[in-house]
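Chemist: Residue-level listing of the chains:
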Amino acid sequence: MSTSDVTPQGVQGERPGREAVTGSAAVLDGDRHRAPEHARSSGTQEVSETEFRSYYGQPILNQIVWEGRDIAGYLFLGGLAGASSGLAAGAELTGRPDLARPLKYTALGAVSGSLVALVHDLGRPARFLNMLRVFRPTSPMNMGSWLLAGYGPMAGAAAVTGATGLFPRIGRAATVGAGVVGPAVAAYTAPLICDTAVPAWHEGYREMPFVFVGSAAAASGGMGMLTAPLGQAAPARRAAVFGSALETAAVARMERRLGMVAEPYQSGRGGALMRTAKALTLAGAAGALLSGRSRVLSAASGAALLAGSACTRFGIFKAGVQSAADPKYTVVPQRQRLREKNGEQEEEGAN
Amino acid sequence: MAIDEEAGGQPGTDQPRMGFFTDTSVCIGCKACEVACKEWNMIPEDGLDFTAMSFDNSGGLGADTWRHVAFVEQREPLGYQETGVGRPEGEPVDLGMPSFERPGDSTGADERGEFRWLMSSDVCKHCTSAACLDVCPTGALFRTEYGTVVVQEDICNGCGYCVPACPYGVIDKRADDGRVWKCTLCYDRLGDGLEPACAKACPTDSIQFGNLDELRERANERVRDLHDAGVSSARLYGDDPQDGVGGAGAFFLLLDEPEVYGLPPDPVVTTRDLPSMWRYAGIAAATLLAGVSATFLGRRRR
Chain A
187 MSTSDVTPQG VQGERPGREA VTGSAAVLDG DRHRAPEHAR SSGTQEVSET
237 EFRSYYGQPI LNQIVWEGRD IAGYLFLGGL AGASSGLAAG AELTGRPDLA
287 RPLKYTALGA VSGSLVALVH DLGRPARFLN MLRVFRPTSP MNMGSWLLAG
337 YGPMAGAAAV TGATGLFPRI GRAATVGAGV VGPAVAAYTA PLICDTAVPA
387 WHEGYREMPF VFVGSAAAAS GGMGMLTAPL GQAAPARRAA VFGSALETAA
437 VARMERRLGM VAEPYQSGRG GALMRTAKAL TLAGAAGALL SGRSRVLSAA
487 SGAALLAGSA CTRFGIFKAG VQSAADPKYT VVPQRQRLRE KNGEQEEEGA
537 N
Chain B
84 MAIDEEAGGQ PGTDQPRMGF FTDTSVCIGC KACEVACKEW NMIPEDGLDF
134 TAMSFDNSGG LGADTWRHVA FVEQREPLGY QETGVGRPEG EPVDLGMPSF
184 ERPGDSTGAD ERGEFRWLMS SDVCKHCTSA ACLDVCPTGA LFRTEYGTVV
234 VQEDICNGCG YCVPACPYGV IDKRADDGRV WKCTLCYDRL GDGLEPACAK
284 ACPTDSIQFG NLDELRERAN ERVRDLHDAG VSSARLYGDD PQDGVGGAGA
334 FFLLLDEPEV YGLPPDPVVT TRDLPSMWRY AGIAAATLLA GVSATFLGRR
384 RR
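Top line first, the protein sequences correspond to chains A and B. Position 253 of the first sequence, counted from 1, bears residue number 439 in the working numbering, the numbering being contiguous throughout. Position 115 of the second sequence, counted from 1, bears residue number 198 in the working numbering, the numbering being contiguous throughout.
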């Protein structure tokens, strides 16, 4: 045969003998530069896990238009704020003012920063308030806007009354209120990203909230270790260990369950960030266990935990981008689902 | 925010649900639909960049491409190109121009290539269960009385949530404008009793506009005809109200698997799993609250 394929990689090999059945799609390969040679010559419908067809390798999904710095930063800051409020409320109620105060400031600073990031990422920032035009449970972003509209003022009141000493009863109510709503702020961002068609995000929706709250607890614990005196920081250290363990376990479980869809969490920039996050988080957790007597070790571990939490969010964001860019992650699982569906139908037909 | 499949476009009215049936088996890749769409909707120019893989110069659907003609080149004997039509009698003089001869005619059957082009005009699917509409935090996306999904450009704040939510990769953000754009199924023309610009411009009736129920009947008939003619690979895509998006308002007749045209084989509206997502998030939030509370238990050392 004289025919061959001209691709950007150069001329790709010759075609084997003519076994094509007229009109049959099964013997063809639309994605020629990707599919291995034997798949064509075998002429069967058997498709292994990684073989798939596509439109010249072009992605099926449109790429995420969010800026990593804004939205991954928002995920990190939202988690830090939410969990810090929880920890601050506990510290205030158990008489640890030197732990509560910096965490209240952290919560206010982080929620303000996250709001700025969120508005900055809009194509029309002046229309930000349109977010509160409707109440729509099918849109996690809309729910999040309402959640932040409730949580933000409470975190602000807690921090301001803590700093000034004015209105102590209102301050205490705001502290407790922010502490109770905070975990929801830390968790809702998981449905926010999972409620998309991005395979690495959507398919991980069971574990993602636990990754996020674990990462949030580790970050706020780290912040407590960084800012509070050793004597009052024991709950922060325990929160750091709890959060690190939860996050690490949830990430491991998610990657195992997702199979090939989890590849973006293991390769490329996303994979590198996830590995860095794991190393920083585990080092920080180890430091938290050992740093009961050393202020320096406590602060260093706290900083490692904060950095680890940020790396987790950026890693997950990057993995989503990688997952949307490759048609493999869209086509292969959907084909698999169709095969399973058809298999079930055949079984039903046989019964 | 899915609409009732049985009730048609707008519950409580007799306005039927309107849609597109794109029969790719008669598409000739003229791109008249792309041009008509751009002209009528005043979509800005966004470059003519060939992909270096085929004659496709618009790449895929996006903010500035609401109709996209895919060109798939395949080694497949079916549907050979009728390049000899209209050739004058007698031996042509060789001018060194690209010839009218079929590839391999002079070299004999053994050397002859097998080749076909699949062309398909892609468009927004106007899903029965539309993820873009569900996740929109401002209510900028809405369901029209024709059962179509349209963006209100004066409300969209450019959050970009709908972009990764669309399982087909249709809606996209226009960079210099900040808002998202997609096919409106020519909402403005429909109101005046006109068919959408792309369907109007299509010279082969590959793009058919009409009452969705009628289109489905017509499409089923067309598939039967093609199967009878031996084109066993003809299949409908997006016509099934039982599929993951509850059936598409714009569906297709394809001659190969959907992914070959850049379409997802089994798209599912992302909000189908949302109740479960909220449940897991609720459990996670409770876990965090419990975990943080537990750190304050135990004896104070100080």
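Simulated from the structure, these hints should not be mistaken for laboratory data. C-beta: ideal position from N, C-alpha, C; glycine also. Mixed in with the good hints, there may be bad ones.
Said to hold, decoys possible - Facing chain A, according to a computed beta carbon distance under 10 angstroms, are these residues of chain B, among others: (1) Pro99; (2) Val118; (3) Trp200; (4) Lys283.
As the list claims (entries may be wrong) - As a list, the in silico SDA-like pairs of lysine to any residue whose alpha-carbon atoms are at most 20 angstroms apart: (5) A:Lys464 <-> A:Arg443; (6) A:Lys464 <-> A:Ala489; (7) A:Lys527 <-> B:Asp349; (8) A:Lys527 <-> B:Asp322; (9) B:Lys283 <-> B:Glu117; (10) A:Lys527 <-> B:Arg318; (11) B:Lys283 <-> B:His310; (12) B:Lys283 <-> B:Gly112; (13) A:Lys464 <-> A:Ala511; (14) A:Lys527 <-> B:Gly329; (15) A:Lys527 <-> B:Val351; (16) A:Lys527 <-> B:Gly112; (17) A:Lys527 <-> B:Arg355; (18) A:Lys527 <-> B:Gln325; (19) A:Lys464 <-> A:Arg481; (20) A:Lys527 <-> B:Asp323; (21) A:Lys527 <-> B:Ala302.
Chemist: Tell me if the straight-line CA distance from Lys464 of chain A to Arg481 of chain A falls inside 20 angstroms.
Modeler: This hinted pair is violated, its Cα atoms lying about 23 angstroms apart.
Chemist: With chain A as the partner, please determine if Val118 of chain B meets the hint condition of a C-beta pair closer than 10 angstroms.
Modeler: Result: violated, 21 angstroms to nearest chain A Cβ.
Chemist: Assess, step by step, whether the Cα of Lys527 of chain A is no farther than 20 angstroms from the Cα of Val351 of chain B, and give holds or violated.
Modeler: holds, 14 angstroms
Chemist: Are the Cα positions of Lys527 of chain A and Asp349 of chain B separated by 20 angstroms at most?
Modeler: Holds, at about 11 angstroms.
Chemist: Have a go at the Pro99 of chain B hint: is there a Cβ in chain A nearer than 10 angstroms to its own Cβ?
Modeler: violated, 26 angstroms
Chemist: Are the Cα atoms of Lys464 of chain A and Arg443 of chain A separated by 20 angstroms or less?
Modeler: Between Lys464 of chain A and Arg443 of chain A the Cα gap is close to 18 angstroms, so the pair holds against 20 angstroms.
Chemist: So if I understand the rule, the pair passes when the alpha-carbon distance is 20 angstroms or less; does Lys527 of chain A with Asp323 of chain B pass?
Modeler: Answer holds: Lys527 of chain A to Asp323 of chain B is near 15 angstroms, not above 20 angstroms.
Chemist: Measure nothing beyond the straight line between the CA atoms of Lys527 of chain A and Asp322 of chain B; if it is 20 angstroms or shorter, mark the hint as holding.
Modeler: Holds, at roughly 18 angstroms.
Chemist: Let me know if the C-beta of Trp200 of chain B comes in closer than 10 angstroms to any C-beta of chain A, holds or violated.
Modeler: violated, 12 angstroms
Chemist: Just to be careful, I want the Cα atoms of Lys283 of chain B and Gly112 of chain B compared with a cutoff of 20 angstroms; is the pair within it?
Modeler: holds, 15 angstroms
Chemist: Quick one, are Lys527 of chain A and Arg355 of chain B close enough, alpha carbons at most 20 angstroms?
Modeler: Status holds; Cα separation ~17 angstroms.
Chemist: Assess, step by step, whether the Cα of Lys527 of chain A is no farther than 20 angstroms from the Cα of Gly112 of chain B, and give holds or violated.
Modeler: With a Cα-Cα distance of about 34 angstroms, the restraint between Lys527 of chain A and Gly112 of chain B is violated, given a limit of 20 angstroms.
In summary, the structure is inconsistent with hints 1, 2, 3, 4, 11, 13, 16, 19, 21 from the numbered list given earlier, while agreeing with the others.
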